[in-house]
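In order, the protein sequences belong to chains A and B.
When we follow UniProt numbering, the leftmost residue of the first sequence carries the number 1, and every step to the right adds one.
When we follow UniProt numbering, the leftmost residue of the second sequence carries the number 1, and every step to the right adds one.
In short, the hints are calculated from the structure, not lab data.
Heads up, none of these hints are tricks.
No copy is singled out in the list; a pair is fine if it fits within one copy or between any two copies.
The list that follows gives simulated cross-link-like pairs (lysine to any residue, SDA-like), each with its CA atoms no further than 20 Å apart:
#1 K205 with A334
#2 K83 with N118
#3 K108 with E133
#4 K205 with R330
#5 K83 with R69
#6 K108 with E80
#7 K331 with S109
#8 K83 with R111
#9 K331 with N293
#10 K331 with D207
#11 K83 with Y115
#12 K331 with V132
#13 K331 with E133
#14 K83 with R387
#15 K108 with V132
Protein chains: 2
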Amino acid sequence: MKIAVMGGDGFVGWPTALHLSDQGHEVHIVDNLSRRWIDTELGVQSLTPMDSIQERTRIWHAETGRRIRFHLIDLGRDYELLKNWLGEVRPDAIIHFAEQRAAPYSMKSDRHKNYTVNNNVNATHNLLNAMVELNLDAHLVHLGTMGVYGYSSVGAAIPEGYLPVQINTADGRQASQEILYPANPGSIYHMTKCLDQLLFQFYAKNDGLRITDLHQGIVWGTHTEQTRRHPQLINRFDYDGDYGTVLNRFLIQAAIGYPLTVHGTGGQTRAFIHIQDSVRCIELALRNPPQRNARVEIFNQMTETHRVRDLAEMIARMTGSEIAWLPNPRKEAAENELIVDNDKFLALGLEPITLESGLLGEIVDVAKKYAHRVDRSRVPAVSAWTRDIAPTLNHDPEGVRLRSVS
Amino acid sequence: MKIAVMGGDGFVGWPTALHLSDQGHEVHIVDNLSRRWIDTELGVQSLTPMDSIQERTRIWHAETGRRIRFHLIDLGRDYELLKNWLGEVRPDAIIHFAEQRAAPYSMKSDRHKNYTVNNNVNATHNLLNAMVELNLDAHLVHLGTMGVYGYSSVGAAIPEGYLPVQINTADGRQASQEILYPANPGSIYHMTKCLDQLLFQFYAKNDGLRITDLHQGIVWGTHTEQTRRHPQLINRFDYDGDYGTVLNRFLIQAAIGYPLTVHGTGGQTRAFIHIQDSVRCIELALRNPPQRNARVEIFNQMTETHRVRDLAEMIARMTGSEIAWLPNPRKEAAENELIVDNDKFLALGLEPITLESGLLGEIVDVAKKYAHRVDRSRVPAVSAWTRDIAPTLNHDPEGVRLRSVS
Ligand SMILES: NC(=O)c1ccc[n+]([C@@H]2O[C@H](COP(=O)([O-])OP(=O)(O)OC[C@H]3O[C@@H](n4cnc5c(N)ncnc54)[C@H](O)[C@@H]3O)[C@@H](O)[C@H]2O)c1
Ligand SMILES: NC(=O)c1ccc[n+]([C@@H]2O[C@H](COP(=O)([O-])OP(=O)(O)OC[C@H]3O[C@@H](n4cnc5c(N)ncnc54)[C@H](O)[C@@H]3O)[C@@H](O)[C@H]2O)c1
Numbered sequence: 001m002k003i004a005v006m007g008g009d010g011f012v013g014w015p016t017a018l019h020l021s022d023q024g025h026e027v028h029i030v031d032n033l034s035r036r037w038i039d040t041e042l043g044v045q046s047l048t049p050m051d052s053i054q055e056r057t058r059i060w061h062a063e064t065g066r067r068i069r070f071h072l073i074d075l076g077r078d079y080e081l082l083k084n085w086l087g088e089v090r091p092d093a094i095i096h097f098a099e100q101r102a103a104p105y106s107m108k109s110d111r112h113k114n115y116t117v118n119n120n121v122n123a124t125h126n127l128l129n130a131m132v133e134l135n136l137d138a139h140l141v142h143l144g145t146m147g148v149y150g151y152s153s154v155g156a157a158i159p160e161g162y163l164p165v166q167i168n169t170a171d172g173r174q175a176s177q178e179i180l181y182p183a184n185p186g187s188i189y190h191m192t193k194c195l196d197q198l199l200f201q202f203y204a205k206n207d208g209l210r211i212t213d214l215h216q217g218i219v220w221g222t223h224t225e226q227t228r229r230h231p232q233l234i235n236r237f238d239y240d241g242d243y244g245t246v247l248n249r250f251l252i253q254a255a256i257g258y259p260l261t262v263h264g265t266g267g268q269t270r271a272f273i274h275i276q277d278s279v280r281c282i283e284l285a286l287r288n289p290p291q292r293n294a295r296v297e298i299f300n301q302m303t304e305t306h307r308v309r310d311l312a313e314m315i316a317r318m319t320g321s322e323i324a325w326l327p328n329p330r331k332e333a334a335e336n337e338l339i340v341d342n343d344k345f346l347a348l349g350l351e352p353i354t355l356e357s358g359l360l361g362e363i364v365d366v367a368k369k370y371a372h373r374v375d376r377s378r379v380p381a382v383s384a385w386t387r388d389i390a391p392t393l394n395h396d397p398e399g400v401r402l403r404s405v406s
Numbered sequence: 001m002k003i004a005v006m007g008g009d010g011f012v013g014w015p016t017a018l019h020l021s022d023q024g025h026e027v028h029i030v031d032n033l034s035r036r037w038i039d040t041e042l043g044v045q046s047l048t049p050m051d052s053i054q055e056r057t058r059i060w061h062a063e064t065g066r067r068i069r070f071h072l073i074d075l076g077r078d079y080e081l082l083k084n085w086l087g088e089v090r091p092d093a094i095i096h097f098a099e100q101r102a103a104p105y106s107m108k109s110d111r112h113k114n115y116t117v118n119n120n121v122n123a124t125h126n127l128l129n130a131m132v133e134l135n136l137d138a139h140l141v142h143l144g145t146m147g148v149y150g151y152s153s154v155g156a157a158i159p160e161g162y163l164p165v166q167i168n169t170a171d172g173r174q175a176s177q178e179i180l181y182p183a184n185p186g187s188i189y190h191m192t193k194c195l196d197q198l199l200f201q202f203y204a205k206n207d208g209l210r211i212t213d214l215h216q217g218i219v220w221g222t223h224t225e226q227t228r229r230h231p232q233l234i235n236r237f238d239y240d241g242d243y244g245t246v247l248n249r250f251l252i253q254a255a256i257g258y259p260l261t262v263h264g265t266g267g268q269t270r271a272f273i274h275i276q277d278s279v280r281c282i283e284l285a286l287r288n289p290p291q292r293n294a295r296v297e298i299f300n301q302m303t304e305t306h307r308v309r310d311l312a313e314m315i316a317r318m319t320g321s322e323i324a325w326l327p328n329p330r331k332e333a334a335e336n337e338l339i340v341d342n343d344k345f346l347a348l349g350l351e352p353i354t355l356e357s358g359l360l361g362e363i364v365d366v367a368k369k370y371a372h373r374v375d376r377s378r379v380p381a382v383s384a385w386t387r388d389i390a391p392t393l394n395h396d397p398e399g400v401r402l403r404s405v406s
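Just chain A, with the same shape it has in the complex (with noise of 0.2 Å):
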């Protein structure tokens, strides 16, 4: 298959990109490296030593012979450019993962508001759009989110993408009907993923497109079967206040002797997956494509739930940190459930990777490996979701470490 990995230089994309270079596909990765640029933005970097993407691919294409093309365009501003692009390359199947990701990143001002709803509204708008006018009849799978089912429970697992309901009619009789999952994100990089279902709900039944949305979990780990290859194939791994996850922080807490940082009381419940999974995963929906004319094809992409807290104490116990318990930037319930339907993937031959298993790698082969690097002004969390919550963040990274041990 010839296959487009809009957004193949992030963290899900490139090891994705690799993956199924090395099952043989013509893999092309299409990129504006913003996450590059808001790296020097934020003045941060990748744990790891990350090449670029030129270097990266050119390392593969050595190790391996294979090609994995890159193509700078940018999804969201470059229309006629992408229009173009795929017009010439006419892929079988395009993996988009080109949005700007980051909850926090997202809430961090007015220009990030405007910018991560422009960014991700526009790239995959622009996609659906040039799709139809190319009377391109790829298969579209995109990286969505558990956030947008939001973190509260109705009572019942959450399916995958489509809720059962009965509704009262006119005349007394109940009529059941499956929903759209009502949406309730909890950021606005999850409001734009909320966004991006109507935008796949509209073209999937106007132009009868096929698409694939993945609701995934946070994903965790940092090698995979490829990246492992050569040093300079790594993935990256962030670990700051915006783009770290909170597991990321809590390895590189661990890694560097601080304590674990929980937000509020640590109830959230949080879903999670493996690196490697993930990549099987988004394999395995690329083999099962919708038909045209059918509905969104929707899969849950995580493989287990936890409370933040229950995970500071696994790490802990793996590690001996302690847990230092901070202000919840994020304006969200303090507790809640999260149980999540993941039948189709395990139906379709999913092993997951646990936690349980693979967390203390993670610690020994990249957190402690590579924490010469780790700035420590980083790892806090500092972007407030309202205006009232801002000024109870402790922005001072010590501030941390005085508190947990007192």
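Given the coordinates of chain A, work out where chain B with the ligands should sit on it, guided by the hints.
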């Protein structure tokens, strides 16, 4: 009150601005005049001779002594300008009409799809973003559309925004919940209004903004109490295939002795409201703002529903016109029921003007009066919803005549 009317140069915005100014409010119109530019792009013009906004506000002042101030700002593109302006004026209420509002225009080409998504999403998001940034506790009243519901019935009357459903819980019970009515947009334009809904939901939840969303039916009629006061205060009347609603096209066809062109079986049911009632509803909504931190207030702003073919027959009866049947350029169900709740506005005292009582006046006072200005070639709808539909459309206006006569 100090009221900002975003999109106040448009068909609903202008009479709203006059109505509120007449009641003594301090009214500011913000508009980028894009609709006038689109008229130029399409080579069409309002049936009624429409003066510049500067001239219209000058005449309003001369007639009444009241001032309406006009500000040229693009809500979608000029975030900083908008924010600065809002920060200076700090209106008590903001009425948001400033979007590209024609479904056929939104489906014309890939460029028009992108324009509509960009313009509408950014206009709405910039407004919300700036309000939060400025800590501006204004009541935001947005004009949405009945089209967000989709025109497919769930077997119950369409409620005002929120649908009560039952969900099967894990332990076999049924839990009741009210959800935002599942979106089912029929065009890119309607889809942007669904995206708006999610933006409103998020900003009401995260930042406590007070927002009212009016799900409006097709607005008909030209005059309100205020536009009648001077010939140069007259409202615009669109009859072209893109901006002219089905009703306006019928009125023009009746006035110039053309057959009334019905698409498909004419079995599509639509909701309607007179412009005078629309303006009154907006006033009622302004008088009844939601609380801070409440959910978005949603009203169905319509007063009656009709099948398109029944409308055609009503007008044929009043005028003796013939009816011609054409292929439908839209991808939609041929026939649909539409039962809509509008109890909230009725409870607040709205007394609807009916089509049965008002249509004839509209034909005589407006359509026939200005019939000499009609450009016949502009009446047919030419924007196709999909590539399959495009070739079935007859772009030759004389073709209509021949088919109906034979
Ligand atoms: N990492 C996670 O834990 C996680 C969890 C759930 C969902 N996701 C989703 O998976 C996708 C990939 O996530 P990631 O962690 O790899 O993010 P990332 O930031 O590492 O990668 C995104 C890539 O897309 C590129 N990009 C962004 N906007 C673009 C545009 N307009 N045009 C072209 N390229 C653009 C960036 O330069 C970057 O290389 C995202 O859509 C994200 O929302 C990620
Ligand atoms: N007319 C109807 O039948 C109808 C029905 C349902 C809903 N609505 C909604 O009511 C609102 C007004 O409709 P209308 O018929 O008056 O439309 P209109 O096109 O006559 O008026 C819209 C006005 O907004 C302005 N505008 C558009 N984008 C702008 C931007 N980015 N910045 C500043 N100004 C901008 C235009 O120049 C125009 O003057 C729309 O949002 C529409 O979706 C209208």
